[in-house]
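Visitor: Single-letter residue listing:
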Amino acid sequence: MVMRSMRRTTIFLVGILGFTALPSVGQQAAAGNKVVQITGLVGVRTNASGNLTLENGSLQFASSGTKVSVPIHSVEDVITENDSQRVFRGTFGTLTMFAPYGGGRFLSLFRSKIDTLTIQYRDTDGGLHGAIFTMPLGKADRFKKDLVAQGARTSIPMQDDSGSSNSKPDAAKEKKP
Amino acid sequence: MKHIPYSATLAFLLLSAHAAPARLHAQAAPPPAKKASAIQVLMIQSDEIKMPAEFQISIYENLIQQLEKQGGFQHVYREGDHNADGAADLVVLHSNVRGFKKGSEMARNVTTVSGKTSIDIHCQFTDRDGKSVLERDLNGKVQFFGGNLRATFDFAKKAAKLAHDNFAANSVS
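Respectively, the protein sequence lines represent chains A and B. Positions in the first sequence are counted from 1; adding 370 to them yields this note's numbering. Positions in the second sequence are counted from 1; adding 22 to them yields this note's numbering.
Looking at chain A on its own, in the form it has when it is part of the complex (with noise of 0.2 Å):
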């Protein structure tokens, strides 16, 4: 009875592992600009995933039906730093806690490494708002170089040399936990 169950949790464990690894390996190679908006853009709703690009003096973040615009002159700072996330999130990672024999909390020890991006800016009548994105690790260094080139200020100068998020000055990094 007990090896019954034991052989039904690592099937269950091992079903999961395997539906969640196939998509996370598709999703590094058409990753691209694939963002998720935590918070901070007007109209759209907090952990929005869609598209965030540099166009025409802007800065763009389209989700599915909608599509918001920051001019980059009027972005005050921008800060990366590193975090990490569960692989299992959302409903299904909320499941996962319910698992037998504490299945749920072996799945959180699954972690992916992330890039965070935060900007400062100001509306048309001066209010200061602010976004958080989050994105693949590597890719905010490359953003956050592309935004000051084209006008963005921040408060923590880029290192020329920097090509990846070791290279961050100090006071950028976020201590991991």
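These are computed hints drawn from the structure, not numbers from a lab. Small disclaimer: the values here were computed from a predicted structure and weren't measured. One thing to keep in mind: the hints can contain errors.
Label pairs and their computed distance ranges (CB to CB) [unchecked claim]: (1) K404(A) / A129(B): 27 to 37 Å; (2) P527(A) / I71(B): 20 to 30 Å; (3) D151(B) / P527(A): 34 to 44 Å; (4) S59(B) / T494(A): 15 to 25 Å; (5) K437(A) / H97(B): 18 to 28 Å.
Where chain A lies over chain B, by a calculated footprint (3+ residues, C-beta under 8 Å) [to be verified]: (6) 65-79; (7) 102-116; (8) 119-133.
Backbone N, C-alpha and C define an ideal beta-carbon position, used for all residues, glycine too.
Mind docking chain B on chain A? Use the hints.
Guide: Relative to chain A, chain B alone:
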């Protein structure tokens, strides 16, 4: 004749019983706060405590969202908004980070008891002239479920409720 001392004692007891809660109520009641039709939220300051920018931004944006959601203010202005200059009765919310502990979502999920993220913020409400009208220390935390940024949401809800209860025109005080 016998009834007079009895009635007097009863009257005295009733009077003292009535007076005691009233006195307690008078002690516990907060000073009447000025009602305001508009509130302006300033960017979160964390000069003494190092806090990642994403937390600062998240607190600021969540505060504005929660204040708008709670209602009671005709306008919720952001820092630097020129329209706030013309607002007649405006309160300004200054938030200063006094403590920050970044926990770990993974530790929370795995152990349940460790990995708590907590934020302690000193909130000061001032009038247009910068005179303080209310000061309070609030905290935000995430103990079990959710990412670290959820602590900012927890704080924002408490701060918005404090503002609503003390300054909103339609608050029940």
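Visitor: Are the hints correct? Go through all of them and say.
Guide: Going down the list of hints, with the structure as the test:
no.	hint	result
1	K404(A) / A129(B): 27 to 37 Å	holds (29 Å)
2	P527(A) / I71(B): 20 to 30 Å	holds (23 Å)
3	D151(B) / P527(A): 34 to 44 Å	holds (38 Å)
4	S59(B) / T494(A): 15 to 25 Å	holds (23 Å)
5	K437(A) / H97(B): 18 to 28 Å	holds (27 Å)
6	65-79	holds (count 6)
7	102-116	holds (count 4)
8	119-133	holds (count 8)
Of the hints listed earlier, there is not a single one the structure fails to meet.
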